[in-house]
Every structure is written in structure tokens, then in C-alpha cells.
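K.L.:
As a plain string of letters, each chain reads:
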Amino acid sequence: MIALPPPKADILARRAEIVDALRAICPGEATISEPISLKPYETDGLTAYRQMPLAVVLPSTTEQVAQVMRYCHLNGIRVVPRGAGTSLSGGALPLEDAVVIGLMRLNRILEIDFDDRLAVVEAGVTNLGITRAVEHEGFFYAPDPSSQLACMIGGNVNMNSGGAHCLKYGVTANNLLGLRLVTPEGDIVEVGGAHLDAAGYDWLGLMTGSEGQLGIITEVTVRILRGPEGARAMLAAFKGTEIAGAAVDAIIGSGIIPVALEFMDKPCIHACEAFAHAGYPLDAEAMLIIEVEGSVAEQDELLARIKEICARFDPISMRVASTAEESMAIWKGRKGAFGAVGRISPDYLCMDGTIPTGELPRVLKRMGEMSDEYGLKVANVFHAGDGNLHPLIMFDANDPESFRKAEAFGADILKLCVEVGGCLTGEHGVGVEKRDLMTVQFKAHELDQQRRIKSAFDPGWLLNPHKVFPLADAAPAA
Amino acid sequence: MTTPLAPPDEAGVAEAIRAAAAAREPLAIEGNGTKRALLRPVQAARLLSTRALTGITLYRPTELVISARAGTPLAEIEAAVAERGQMLAPEPPDTGAIFGAAAQATTGGACAQATVGGIVATNLSGPRRITVGAMRDHLLGIRFVNGAGEVVRSGGRVLKNVTGLDLCKLLAGSHGTLGVITEVTLKVLPAAETSATVTVAVPDLAAGVRALSAGLGSPYGVTGAALLPQGHGDLPGPVALLRIEDFASSVAYRTGRLREDLAPFGDVSLIGAAASVPLWRAVRDAAPLAARAEEAIWRVSVRPSAGPGIAAAAEAIGGRALLDWGGGLVWIAGPATEAAHQAVVAAAAAARGTFTLFRGPEPLRAAVAVLPEEPAPLAAIAARVKAALDPAGVLNPGRMRAGG
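These protein sequence lines map, in sequence, to chains A and B. FYI, the numbering for the first sequence is 1 to 478, going by this note's numbering. FYI, the numbering for the second sequence is 1001 to 1404, going by this note's numbering.
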């Protein structure tokens, strides 16, 4: 279990009074203080870590969020924001002396404008909820994290979420126009708007991916895009990971940016095939799923070009979908990858480093060696176009030693990612999970620089103080 | 101002800033000074230039990344990526024509070249911004020296990275007030095989923006959507321009579909690649605005449907407008007076948009707010962020706002 900052004894002692004050702002069931009702808030998508909060509030308006923040600011009470609780890095993990602000009741869609191609939504609207609200006109919201059915846009902004299609459409940061947020001191401010490129400092860019360190986001203005005429996938299987990596380079080098370019290694192919029966080639060392968009004729032309490129790399097999149904069949195994691994192993850790794509063969080879050293299996699914790795480390949570080894293995993988020129996290965030690895990627004075910026927003370090920055130094930086 | 400082390496930049911070002597920060006349004039004891930090340090076409030291001419980077069939997708403008005279005066008449550090520090993007994102969206990694003289890195050289606060975005568009950028890593993309432009002769600007919205809201991947109130070539204004860039067969197919879809908005015609490429370069550089030397230039960004209202405000002050980004970016040329400036500011505020006084005589730029004022809570945070990066306040003081 990762260390959490010691709770403030005076805050714990004042619990009843604090709950009363919160209930005056968020009446009735919108303030939660009973242990049994607090239980669902003790963890998130990273279930290995649990901590009950002091209380939970579920505000319905930005004004209520501001009142809660002002009260907590004046009383020195720590605050942890929470969306749907799907974070894989412990982004929503509470503290014993913290108030959790749950944003799920801020779930209104405030404006949709197809001419100006934007939607204004509250932070608790789900990612898929935005697309659902605009798809009748052929539009969609582009970033598509795997959790898009449940995860909320406020959390997406805080984590700068990606997805399988960001090679073409970018991540959350590239699809935002504006935010309404509450500062740690309880002021409501708006950054950006319905227009592009607000003059002045890029608060919108800084807030995006700030993991709830700088403010509580309550409203988001997103860009919505018209969908393509159609999309189709193909599958190509290769004899070696290095060969598959070279095929990826050749595709990108040819001037084609596929809308998705997914890479699976042999353990992952086997797990997915056993689970989904998608017809994946079991003799392949590596497999690519490549998706293109456009009219049927354009899809045909692009897939023919890609097939011709893949053919140069001695593929074991290639399968080009000729219909939407065949595309879905190709995607079926990939989309169930996490569930598939969950079936062959009682528990797994999903890592999220990024590497320069040219380093893929070296990284996979080293990862295989580590897997032998730790005696733990690992399956790899990977956004090949952008270098974002998702190694799934399989372990047994009932065996503390197994969990400890899995965490150490994960840390070694992330250190390797940094060593080859990549980074600790591509889309899941640092959270608590990778907090103590930040010193691998950043020098002490660089972390101090980031901390001073956090202090500029949150001088009292009340907002999520146990995340992103290594704890030993998570005190107000001078 | 005494002799400019132009250290040959990052350590020299850090040393110069440490010395300035110790002496509390402000520095004006620039690359080759091509955009010195942008925003407010800086009062500084010395000039610190990144012009001697040059060279491409890494280029991996198959990984879609290029790194270069801040003083590397943008043209050198664009040439290097073009050689491999790639591009800087945000299409950064060449402001040489806009600032030409002023920039040349500072370099003794030689035509100064914009640096990559300067284009990132000003976060300037061209027509393709509407679909592919701004310069800041393509900034993967950065090295900069903060106001204490420390070298700080943020981001990296990979396309997906959410490790720590995103200082790349904070530094992009901060005009040298938070740190001196010494090296950048940018995402590059394949350049399209060819391009073409559909033109629509529209009755008025509102109809023009509706045509652009129809194009941008189509599945055909429009990568440029501009509106020329004064027309273009033998087309009297206003004329809407919609660009498609892709493989040749796709360009033929998509422009065909667009011409059908846009016919209800006015007479449509097609401009082939040979004429389309220079036309969009002109739009990128705001050439159709035909700003006279004595005129001020503003850049206003609003939601696209509010663009025609901004253009009307430009006309009301005796100025002219050029609309890009689907109608949301309005370039204005008009009288370089405080009254004209206040009219532009009021129009932008009424549309809940943003503005930049892009060019103007120094007394005007010193007298007015060249960017929108921030609400008090945000202004207080901004002051603390500035202090967090530049505690002695030596980097480009007053460049963006009076006293900041």
C-alpha cells in the first residue's frame, strides 16, 4: 500500500461539525457520512488501493461546488474530486481527512451547436453521453477511452484521456474549447470559451491533464466532429514483433495515418482468441489491427495500399474486412482484451507507458526477460501509431508477494519506458500509482517547478495533495 | 539597449538569466525579432536572443517527431520535413509581410527569419488549425530556462504523454514571459499528396459562414475554411473557400461531393492545386487583408457564427476583415486609434470571444490592453504562476499586460 499523508487530527475531531456544514450546502442525501454509504467511494479503477473519506458531497450546481470549496479552504480541509471513479491510476483515491466532491449529479447537457460544432456539458456527463447526444446528426466526440460508457468528461479533462483513435483525432486536450471551474479558494472562473485559442496564458491547456491538482472542473465545452462516411479494419499477423514494428513504420512512412493502429503480442492474441473467438492467428508473434476511414472506394484504396505494404513484411496472414460486420469481428477480440486477460489470471495490473515507436522491439524483448525474472506473465496490447503501451501484468491478489512482485515488475517496465526516451504514462495519469516514480522522469528542480505552479493555484495544498508528486516533498513549496 | 546577448548554448542562456535575476535587470526575450512589434513593447535593460541556438537535434519521420533548438529558422524545419513528405500541420503563418518593415529595421535591413522557438512562444497557427489543432497541440516536448536560470523539461518526444503538469501548453503562447524556450519537439504529419479548393460565391458573410459550417460539418475532411469579403481573383466578394488535402483520388471525390452539397449557398467552382497552394499561403499570412502600413491589425477569435458580426464591427470603424477557421478567426485591418481598438474589444467581448492587437504603433500598444483582461481570481492566479516561474520578474516584463 502506498503511503498517504498523515490525516490532520483536528479535522478528524471536527467531523460531525464539518458534515453539518456540508449538509447545509448540499442538503439531504447529497451529503454522505454513514460508513456504509461511504464505502463505494473508498476506491476507483485501481482497486488495490482503498481509503475511506471523511465525507462525500454530491453537488448539483457549480455554485454548490464553489460553496463547498470556499468552506474547505477557510477550514483547511482537504478535497478530492471524483467523476465516475474509473481511474486506473488511483486518481479518485480519497484521504481519511478529505471531503470527496462527487460530480456525477452535474450531468446536464447545456448546449449543442452543430453549426459551430461544439457542445457545452457539465462535468458529470459521460464520454459516450456526449456522442449519444450528437450522433443523430452524424457527429461524435472524438476521444474514446475504453471506459467511455462510464467515465465522465470532467475526469477525461483532468486525466487528458486518450483512446484507440487518437492517432488521427488527438487526445482530450486537442478537442476542448473551454472550461468552467472552481478554484481551490472557491471562485468560479471560465477559461477558453466557444472559440479557439484564447489569448493570454493557456489555462485550458494547463488544466487539462492536471489530475485535479489545480481546481474542480464543473463544465466543459468540447468540439464535436462530423463522423466519416464509413470505417473498415484489417488484420495482419507477423512472425516477429520486430517485423510488425517495421510494418508500422512503413505504413506511417508511406503518408497514411490510419484512424487506429493497434498492436497485440502473442500472449495477448492467445488470451483474446480464447475469450472472443475472433479468428486471430495463434501462430503469430504479433498482430496489427489497422482501421481506415472514408467512402467505400476510399477505404478500398487505403486498405489496398496498407495490404501491399504489409505484404512486404512476410506476413503469416492478412484479413481485410469487406463489411462493417467483418470489421466488428476483427475488433471484437481487441475490445475484450482486458476481460480476456482477466479470465486467464485472477488479477492483473494495466500499465500505461509510452515509448518512441522505434524502440518497440527492444522494449518487448526486455519485457519478456523481466517476465521470466519475476515469474509473472505479461500480455501486451499497444496503440502502435503513438507508442502507448498497455502491458497487462498477471498476478494473484490473494498472494501479497505476488502483488508486490507485480508492482515491482510494473515499475521496472515504466523505468524502461523512460530510459528509451518515453514516459511513465500515456493516458492513465500519474495518480497515486506512479507518484513515486516521478523522480525517474523528472529532476528534483523540475518537480519543484511543477509544485510551485500547483502552489500558485492551491497555496494550502488542500486539493488532492497525495497524488502526482512524491509524498516526501508534497508540502507547500516555497 | 546595449549589445544583445545571444549565447551559443542553453547553459549560456541559463547563465545570462541567472545574472539578470541576481541584478534584477529585466531582459527582453526574442529569437530573430521578427515579431517584436507584436503585443506590448518591453522595457528592458538588455535583449536576450535565442538566435544562436540552432540546429535540428532529432528527426524520426516514422515516429512523426522532430526536435530543434529554439533559434532554428522555421523555414529550415519546414524544408527538412518537406524533404520526407511531411509537414508542420498547424501551418504557422509567416508574419514577414505584417511586421516586415519593423523587423528589418532591427536586423540592419537583412530579412530576418522567424525561429521555431518564436512560433511556439507566440502559438501562431494558420488555416489548418481548424481541423488539426494549433501549434500548442503539436508541441510534444520543451526545454526552457525559467526566470531563476534553471533548465526545465516538460513533455518529451512521444505522441502521448500525460506525465505531470503540461508545461508545454503553459509555455506555448506565453510570449517569453514565463521562460526562455531553448528546444522544442514537435509532432509532424504526412503532407497530403495534393489539394484543391472549392469556392462558393456567397451573397453575404452570414451565408458564407453557413457554407463553411456545412463544409466543416460534412464527412469530407475540409482542412481550410476561409471567407474573403473582398473576393478573390475574378470572383467578386464575398467568397467562401474550402480546402481538401488528401490522396489525389480522394481530393477528386471529396471536392465533387462538396460542390454538390454547397451549391445551395451560391455559385461553386474549383481551384486546382497549382492555384490553391499559393491562395492558402496568402490566407495564412493574412495577405487578402491588404493592410496598409499605417493601419493597425487585430486578430479576433469567436465562435464561427459570430464572425460576420465582428466583420461588421470592423467595417463600422472604417476597416476590413478576413475570416478564417470557418469564420471564427477574424483578422481586422483598421485605423490605429484607441477608439478603433475599443470598438474591436467591445465587439469581441459581446461575442464572448478573445482578441489580440496584433500590430499597431508603439504608443497605441503601450496605452491599451492588447489582450483581454482576466477576471480578478484568474489574474491573481496568473500573477502567482508568473512568480512561480519568474520570481524576479526579469523575463519580458510588460510584454502581455501592463505591469505583468
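Hints were generated in silico from the structure; no laboratory data involved. Watch out, some of these pointers could steer you wrong.
Which chain B residues face chain A? A few, computed with CB under 7 Å, are given here [unchecked claim]:
| hint | residue |
| --- | --- |
| 1 | Thr1003 |
| 2 | Gln1043 |
| 3 | Gly1085 |
| 4 | Gly1133 |
| 5 | Thr1163 |
| 6 | Ile1381 |
| 7 | Ala1388 |
Distance ranges between label pairs, derived from CB positions [stated by the list, open to error]:
| hint | chain 1 | residue 1 | chain 2 | residue 2 | range |
| --- | --- | --- | --- | --- | --- |
| 8 | A | Pro27 | B | Asp1204 | 48 to 58 Å |
| 9 | A | Arg343 | B | Ala1274 | 50 to 60 Å |
| 10 | B | Glu1373 | A | Glu63 | 35 to 45 Å |
| 11 | B | Glu1260 | A | Glu325 | 48 to 58 Å |
| 12 | A | Gly460 | B | Glu1315 | 25 to 35 Å |
| 13 | B | Glu1373 | A | Ile109 | 52 to 62 Å |
| 14 | B | Ala1380 | A | Asn398 | 26 to 36 Å |
| 15 | A | Arg343 | B | Thr1054 | 49 to 59 Å |
Coverage of chain B stretches by chain A, computed from C-beta distances (three or more under 8 Å per stretch; other residues unrestricted) [unchecked claim]:
| hint | region |
| --- | --- |
| 16 | 1019-1029 |
| 17 | 1146-1157 |
| 18 | 1164-1172 |
Beta carbons: idealized from backbone N, C-alpha and C, even for Gly.
K.L.:
Run every hint past the structure and note whether it holds.
P.N.:
For each hint, the structure was consulted:
| no. | hint | verdict |
| --- | --- | --- |
| 1 | Thr1003 | violated, 30 Å |
| 2 | Gln1043 | violated, 20 Å |
| 3 | Gly1085 | holds, 6 Å |
| 4 | Gly1133 | holds, 5 Å |
| 5 | Thr1163 | holds, 5 Å |
| 6 | Ile1381 | holds, 6 Å |
| 7 | Ala1388 | holds, 4 Å |
| 8 | A:Pro27 - B:Asp1204: 48 to 58 Å | holds, 52 Å |
| 9 | A:Arg343 - B:Ala1274: 50 to 60 Å | holds, 58 Å |
| 10 | B:Glu1373 - A:Glu63: 35 to 45 Å | violated, 24 Å |
| 11 | B:Glu1260 - A:Glu325: 48 to 58 Å | violated, 30 Å |
| 12 | A:Gly460 - B:Glu1315: 25 to 35 Å | violated, 51 Å |
| 13 | B:Glu1373 - A:Ile109: 52 to 62 Å | violated, 31 Å |
| 14 | B:Ala1380 - A:Asn398: 26 to 36 Å | violated, 51 Å |
| 15 | A:Arg343 - B:Thr1054: 49 to 59 Å | holds, 55 Å |
| 16 | 1019-1029 | violated (count 0) |
| 17 | 1146-1157 | holds (count 7) |
| 18 | 1164-1172 | holds (count 8) |
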